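Modelling step: build the complete structure from the supplied sequences, incorporating the hints.
Same order as they appear, the protein sequences are chains A and B. The first sequence begins at 1 in our numbering and counts up by one. The second sequence begins at 1 in our numbering and counts up by one.
It is possible that part of the hints are untrue.
With a straight-line cut-off of 25 Å between C-alpha atoms, the simulated DSS-like cross-links for lysine-lysine are [stated by the list, open to error]:
hint, chain 1, residue 1, chain 2, residue 2
1, B, Lys279, B, Lys361
2, A, Lys68, A, Lys4
3, A, Lys4, B, Lys307
4, A, Lys72, B, Lys307
5, B, Lys187, B, Lys31
6, B, Lys140, A, Lys72
7, B, Lys279, A, Lys68
If you want the footprint, here are the derived chain A segments under chain B, 3+ residues with CB under 8 Å [as the list claims (entries may be wrong)]:
hint, segment
8, 25-36
9, 53-66
Everything labelled a hint here was simulated from the structure, so no lab data went into it. Just so it is clear, the structure is predicted and the values come from calculations on it, not from any experiment. From the three backbone atoms N, C-alpha and C, an ideal C-beta is built for every residue, glycine too.
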Amino acid sequence: MDIKATVLAILSDLTGNDVSGAMDDNLFDSGLMDSMGSVQLLLQLQSELGVNVPVSEFERSEWDTPNKIVAKVESLA
Amino acid sequence: MLSFEPYGNPTYFALLGVALLPLMIGLLYGKRSRLYETLISIFFLVLTFGGPKWTQGVALIIYILYEVALTWGYAVYRRHKNSGPFFYVMVILAILPLTIVKVTPAVENGQSSLIGFLGVSYLTFRAVQTMMETRDGTLKDYNIMTFLQFMLFFPTISSGPIDRYRRFEADYRSVPDREKYLGMVQKGIRYIFVGFLYKFILAYYFGTMLMPKLQLMAMNSRGGFLDLSWPVIGYMYCYSADLFFDFAGYSLFAVGTSYIMGIETPMNFNQPWRSPNIKDFWNRWHITLSFWFRDFIYMRLVFWFMKHKVFKKPTTTANVTYIINMLVMGFWHGVTWYYITYGLFHGVALVVNDTWLRYKKKHRASVPHNRFTQWFAIFLTANMVCFSFLIFSGLLDKLWFQ
Numbered sequence: 001m002d003i004k005a006t007v008l009a010i011l012s013d014l015t016g017n018d019v020s021g022a023m024d025d026n027l028f029d030s031g032l033m034d035s036m037g038s039v040q041l042l043l044q045l046q047s048e049l050g051v052n053v054p055v056s057e058f059e060r061s062e063w064d065t066p067n068k069i070v071a072k073v074e075s076l077a
Numbered sequence: 001m002l003s004f005e006p007y008g009n010p011t012y013f014a015l016l017g018v019a020l021l022p023l024m025i026g027l028l029y030g031k032r033s034r035l036y037e038t039l040i041s042i043f044f045l046v047l048t049f050g051g052p053k054w055t056q057g058v059a060l061i062i063y064i065l066y067e068v069a070l071t072w073g074y075a076v077y078r079r080h081k082n083s084g085p086f087f088y089v090m091v092i093l094a095i096l097p098l099t100i101v102k103v104t105p106a107v108e109n110g111q112s113s114l115i116g117f118l119g120v121s122y123l124t125f126r127a128v129q130t131m132m133e134t135r136d137g138t139l140k141d142y143n144i145m146t147f148l149q150f151m152l153f154f155p156t157i158s159s160g161p162i163d164r165y166r167r168f169e170a171d172y173r174s175v176p177d178r179e180k181y182l183g184m185v186q187k188g189i190r191y192i193f194v195g196f197l198y199k200f201i202l203a204y205y206f207g208t209m210l211m212p213k214l215q216l217m218a219m220n221s222r223g224g225f226l227d228l229s230w231p232v233i234g235y236m237y238c239y240s241a242d243l244f245f246d247f248a249g250y251s252l253f254a255v256g257t258s259y260i261m262g263i264e265t266p267m268n269f270n271q272p273w274r275s276p277n278i279k280d281f282w283n284r285w286h287i288t289l290s291f292w293f294r295d296f297i298y299m300r301l302v303f304w305f306m307k308h309k310v311f312k313k314p315t316t317t318a319n320v321t322y323i324i325n326m327l328v329m330g331f332w333h334g335v336t337w338y339y340i341t342y343g344l345f346h347g348v349a350l351v352v353n354d355t356w357l358r359y360k361k362k363h364r365a366s367v368p369h370n371r372f373t374q375w376f377a378i379f380l381t382a383n384m385v386c387f388s389f390l391i392f393s394g395l396l397d398k399l400w401f402q
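What follows is the structure, given as structure tokens:
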């Protein structure tokens, strides 16, 4: 499975929404994500993709849309 | 000898203007003089911590040496090793002076600790954050001189905003181009003038003119249910207005001065009174503090709880961590029943808020959402916040126990 599909699967699982149609929407502004969701995302990335992101690497403005998250994970994988 | 509260009176601002002028000309021509910046920093630190307050000055110097030793020592250690327990011991040591300062009044009948000084909390936040990012490996090139500049950056030393080491360093190591810098100066000056309005007019009116009268009336109207009366309600709103204008005003001075020095210190307030819920309120009120708590306490605790599967459900993890997070914030304000109750109140409010948001998400069709509900949400949030500030103010302590 490629990274994009995995990230989108994790996001839809976390937010309870299919986000693939709104790849540039801000997940925090829309209330779909919060700090709790962020941590769950980091843990899922670790267990499913082996991508290690320390909490202090999580700069919210760099992780706030599905597109940005996919790009971030691809750069780290 | 001259001695000032930071941004306390017109003389301070006059000195500030004169001191910043050469620096501004330098920045306009693309030059940053570290020597000059260090000199004016020392000058304003002496104004704040010298003269009659020299004991605070000594406490500050010893404290800074102590935190430099810890953060530098840890950075050197971290290059070779990464033990969990060692990291925890270092963090505890870094927080120790602040803990002593906060606990001393509670155990010594209100007497303040000898090692305390104005701004000790805000410096501790900066040091602990530096250490945590070193542990995570996000901060790799710790530099003692940069750390000192970061800690002792005089515009924000006494009460924040709480910047981040890496963000500060990036600004400090570069010079904004002329167009950008002129924009920053323009903003900085506007912030300082809005600050004048907030702090010297509005906060003065609410805090100095109105509040003592309301407090006297509230004390004289005791005897009813829980000693509550209309003046207590008046005091609640008046105190909230004073707290906001005083602190937002101060923060505008600090951010404005930083901008003029070419450093984009983050804003501390963003229209908090229009928040539709408590969660959003903490994204808008004392932002750098609440984000510090979010990033270095809340998210880390949640991460730890979830990694070790302490609680079955994610919602339980979130709720327990909300309470811990806000209780720590309460204790940080001071070890008194009203600060701790204030923290607990906000912890519970966040739990209730999250439960409601989840419910709303699930029942989107049946929960009405229109202009009226939006206004009601803002009204309710503002009043909840004002009530929490009444607890925070300590007036209830005076009403009930004095």
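Hinted pair Lys279 (chain B) and Lys68 (chain A), Cα distance within 25 Å: Holds - the C-alpha atoms of Lys68 (chain A) and Lys279 (chain B) are around 24 Å apart, at most 25 Å.
Is Lys72 (chain A) close enough to Lys307 (chain B), meaning Cα to Cα at most 25 Å? Given pair Lys72 (chain A), Lys307 (chain B) holds - Cα atoms ~22 Å apart, limit 25 Å.
Distance restraint between Lys140 (chain B) and Lys72 (chain A), which requires alpha-carbon spacing of 25 Å or less: holds, 20 Å
Coverage claim, chain B over the segment 53-66 of chain A, checked by counting residues with Cβ within 8 Å (three needed): holds (count 5)
Given hint Lys307 (chain B) paired with Lys4 (chain A) - CA-CA distance at most 25 Å: holds, 24 Å
Are there three or more residues in the segment 25-36 of chain A whose C-beta lies closer than 8 Å to some C-beta of chain B? Held - the segment 25-36 of chain A has 4 residues with a Cβ nearer than 8 Å to chain B, which meets the minimum of three.
Hinted pair Lys279 (chain B) and Lys361 (chain B), Cα distance within 25 Å: holds, 15 Å
If you draw a straight line from the CA of Lys68 (chain A) to the CA of Lys4 (chain A), is it 25 Å or shorter? Satisfied, since the Cα-Cα distance of roughly 11 Å is no more than 25 Å.
Straight-line Cα separation of Lys187 (chain B) and Lys31 (chain B) no greater than 25 Å? holds, 20 Å
In terms of the numbered hints stated before, the structure departs from none.
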